[in-house]
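*Asks:* Here is what each chain is made of, one letter per residue.
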Amino acid sequence: MERQIALQMRGITKRFGMVLANDHVDLDVYRGEILAVLGENGCGKTTLMNMAAGIYYPDDGQILIDGKEVVIRSPKDAFDHKIGMIHQHFKLVDLFTAAENIVLGLKEEGRYNIKAVNDEVAKIADRYGFHLDPAKKIYDMSVSEKQTVEIIKVLYRGADVLILDEPTAVLTPQEITRLFAVLRRMKEDGKSIIIITHKLNEVLEVSDRVAILRKGEHVATVNTVDTNEQQLTEMMVGRKIDLNILRSTPVNAVPRLIVEGLNLYNSEGIQVLKDISFTANGGEILGIAGIAGSGQRELLESISGLQPVANGKITFNNPKKDRPVSFYHKNMKQVRELAEKGAFHDRNMNNVSFHGMRNKAVRKWVESGDVLFREDEVMNLRDKDPLEIRQLGIHLSFVPEDRLGMGLVGSMDITDNMMLRSYRKGRAGFVDRKKPRAQAEQIIRELGVSTPGVSTPVRRLSGGNVQKVLVGREIAYAPKVLMAAYPVRGLDINSSYTIYNLLNQQKNNGVAVIYVGEDLDVLLELCDRIMVMNSGRITGILDARTATKEEIGLMMTQTERREEAAHE
Amino acid sequence: MNIWVDFLITSLAFGAVFMYGSTGEILTEKAGHLNLGIPGIMCMGGAGGCLVLNLVGKSSLPGFLIVILGILGALIFSMLCGLLYSFLAVTLRANQNVTGLAMTTFGVGLSKVIINKLDSNIYLIGPKLLYRWPFAERRDALQYLGVLFFLAVIIAILSSWVLFRTKVGLHLRAVGENPATADAVGINVSRYKYVATCVGSGIAGLGGFYYIIDYMASQEAYLSVEALGWLSIALVIFALWRPHLTIVGSTVFGILFSCASYLANVKWLNITMATTPLLKMLPYVVTILVLIISSIRNKKENQPPTSLGLSYFREER
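In order, the protein sequences belong to chains V and G. For the working numbering, count along the first sequence from 1 and bump the result up by 66. For the working numbering, count along the second sequence from 1 and bump the result up by 15.
Keep in mind that a hint or two might mislead.
[What the hints assert, rightly or not] Below are the BS3-like pairs computed for lysine-lysine, each with C-alpha atoms no more than 25 Å apart in a straight line:
| # | chain 1 | residue 1 | chain 2 | residue 2 |
| --- | --- | --- | --- | --- |
| 1 | V | LYS399 | V | LYS426 |
| 2 | V | LYS157 | G | LYS127 |
| 3 | G | LYS314 | V | LYS202 |
| 4 | G | LYS182 | V | LYS173 |
| 5 | G | LYS315 | V | LYS212 |
| 6 | G | LYS182 | V | LYS189 |
| 7 | G | LYS182 | V | LYS203 |
| 8 | G | LYS182 | V | LYS157 |
| 9 | V | LYS142 | G | LYS182 |
| 10 | G | LYS132 | V | LYS202 |
| 11 | G | LYS182 | V | LYS181 |
Hint data in this document are derived by calculation from the structure and do not stem from the laboratory.
Working from the sequences, and respecting the hints, build out all of it.
*Replies:* Right, dumping it as structure tokens:
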């Protein structure tokens, strides 16, 4: 069977300043096939495709369509050559309806008639099996619906080559299945589809051929049927890496954090957490699965005191009986107050009182290790402010969509970002810069952060390195509960596994780790138990060693499915 | 006629100044540009119009042609200011607030220099009656409503129609909401920003011209145009970024702004020199109230364009 080449890229080279993003890359796409472009973060796969879509202009090289060389200087040129790209960050105007977004920029003759557009959109949606209401505003849409709008937008313009940049990053397993079905239907329709991704299982599932990019260079293009996960990884990373997460069995897991009947309303009065109850054990990783916006963020924020909770109990257990007191999480004033209440005893079980003693003497006594706690600490976190909660050792390393949004300050350097946690230490109003600096150096060394030095602004680091700094800092302050939300979002395989190993290390040290993730495969491999959240509710807590992906996916989407059934 | 009907009509006529100013500003803001240069541009519009009238006022040209030339002068001067602003804020991506404030300082100063050099006897006398067609012969308040007032209403309605009912409007709003998206679908973002800013400036400039030549028709009128420019910017918020709502808004502003002098007729109210400035504050108080209410309701359609105040640069990552 003679196959026609739809799009050819020859010797494409692109520089950003001193960085070589693409170095003489060749790529062919045939009609009626799905080509996966695979590579780690920052390997230039998005840059390459952006040049086909007219976002960037190549410094060198040619682009051929149906065998003829073309110049693509703008997205409009790309559309004229029937190339359409669906970007990772949707390019939609929130305030407009689906149909308005779809016709945006089209210069058709005749009057602007939104009704005719609505009909046309509905027709396309039907043909490929999408569900879409053309008159719905984008801000009312779920991520999956927005993606649908993007795809239809490209089809409406008559695109024959569709480029999808990480299309599955934000979808649930069920939505991914649906998307792949649509892609296959388009393939049968003779369209060429390019998906950019770093998820191997998806590559193997949906694509016909795979083009692998590494550090801006084209490594190889192989037929999907002739390859496997291990081989692809090696080509992608350039060396053999171990893709297993070492999960140890939890040893003497003790309840650390007990949440009972937690309810939370957001500022608009909508209930975002409904009757949440669970226990996080020390020495165990508790995974939280759920569609983005199911209340994961709110839950972590209410535990760390950033959200006022409507009602419910959050109890923190700190087994301290007969252990020495330290100044690590407490200052002199707090230690004195606790002693006043009779919370400490010495080695001979006598009550410790610091009455009439000078600070220096108290410090010496405490640091000698002879002052011990009388009881375990059990406290309700709801009465504490975020700072007090932090001092108890409950650390939230939150990595939201915007990595720098919460946790790090982009324009400050790594040392200064360490100090965001320690600025209260130091004497007489002066901050202590030495320790944070040493810590920054330690993190750079141990986690392999690639940075010119400790005084580089965090903003200039790549996404993976920023995340390493953030997670590294939270771990460095010896947490008792470590909450990490999407810590590997957007990271390449190597960095992701570094982070997984860090979390495992913490688990083995007896820390209660709460991990919010989106990749169900990883959740199943990394966690001990998985808690599934669905629109602010817990729909189940499963043993990660026995649960299946489908089971979790179902729990994540149950209500949605019911709604859909009603539609049909 | 009843004094209160007079009051309403003069408020309408006065409000047309704001109608021009804020319709122009809305068009600019819909393209994502917070043009704080509007007060200066209104002054420049006035100055341009007066300058042209001063040149042709004594010639033997027919009256209506003189009027049209005056309007053209106002348009050209203010659109040149808009062009300068666009060059700085769109092409050079200068900070919009700084650029706008600089335009105001520049425009207010230059217009004062220009108008000071002109002979008010020439630019004020003669065309006035023509602007006031068809009510020019009336002796009551209706005489204040003329061609330029109706033009303001037409422009406001037309702007709304273009913005919300045509494809050009859809594209313009897309540029102001999300320029990256607009760019990705092949809309020429810079061109839309330039055109919207220049057309908006031209409309605003007409407001300054209208105030000096028509509404006030006095030698000192140009001194207070700047203040009205700021009020026009406030009116944009009041009108929730919809040009047709400026017709209502400008009337309310006109009423509130000039109520001090009319309230003096109410016996039981004791309006003094001290309370007058307090009353002049009312338009701003109302704007703050509108801002509070629309913030509380938090309806997406009533918020400013999303990328208002942000420069757009395609290759920024």
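*Asks:* Run every hint past the structure and note whether it holds.
*Replies:* So, going through the hints one by one against the coordinates:
Between LYS399 of chain V and LYS426 of chain V, the direct Cα distance comes to roughly 13 Å. Compliance with the 25 Å bound is thereby established for this hinted pair. Between LYS157 of chain V and LYS127 of chain G, the direct Cα distance comes to roughly 46 Å. Violation of the 25 Å bound is thereby established for this hinted pair. For the hint pairing LYS314 of chain G with LYS202 of chain V, the CA-to-CA distance comes to about 15 Å; that is within 25 Å, so the pair holds. At roughly 9 Å between alpha-carbon atoms, LYS182 of chain G and LYS173 of chain V fall within 25 Å of each other, so this suggested pair holds.
Our distance criterion of 25 Å between C-alpha atoms is met by LYS315 of chain G and LYS212 of chain V, whose separation comes to about 17 Å. Taken as a hint, the LYS182 of chain G and LYS189 of chain V pair is honoured in the structure, with Cα atoms around 22 Å apart against an allowance of 25 Å. About 17 Å separates the Cα atoms of LYS182 of chain G and LYS203 of chain V, which keeps this hinted pair within 25 Å; it holds. About 18 Å separates the Cα atoms of LYS182 of chain G and LYS157 of chain V, which keeps this hinted pair within 25 Å; it holds.
A threshold of 25 Å between alpha carbons decides the hint, and for LYS142 of chain V with LYS182 of chain G the separation of about 17 Å falls inside it, so the pair holds. Under the criterion of a C-alpha separation no larger than 25 Å, the hint pairing LYS132 of chain G with LYS202 of chain V is inconsistent with the structure, at around 58 Å. Restraint check: the Cα-Cα separation between LYS182 of chain G and LYS181 of chain V comes to about 13 Å, which is no more than 25 Å; the hinted pair holds.
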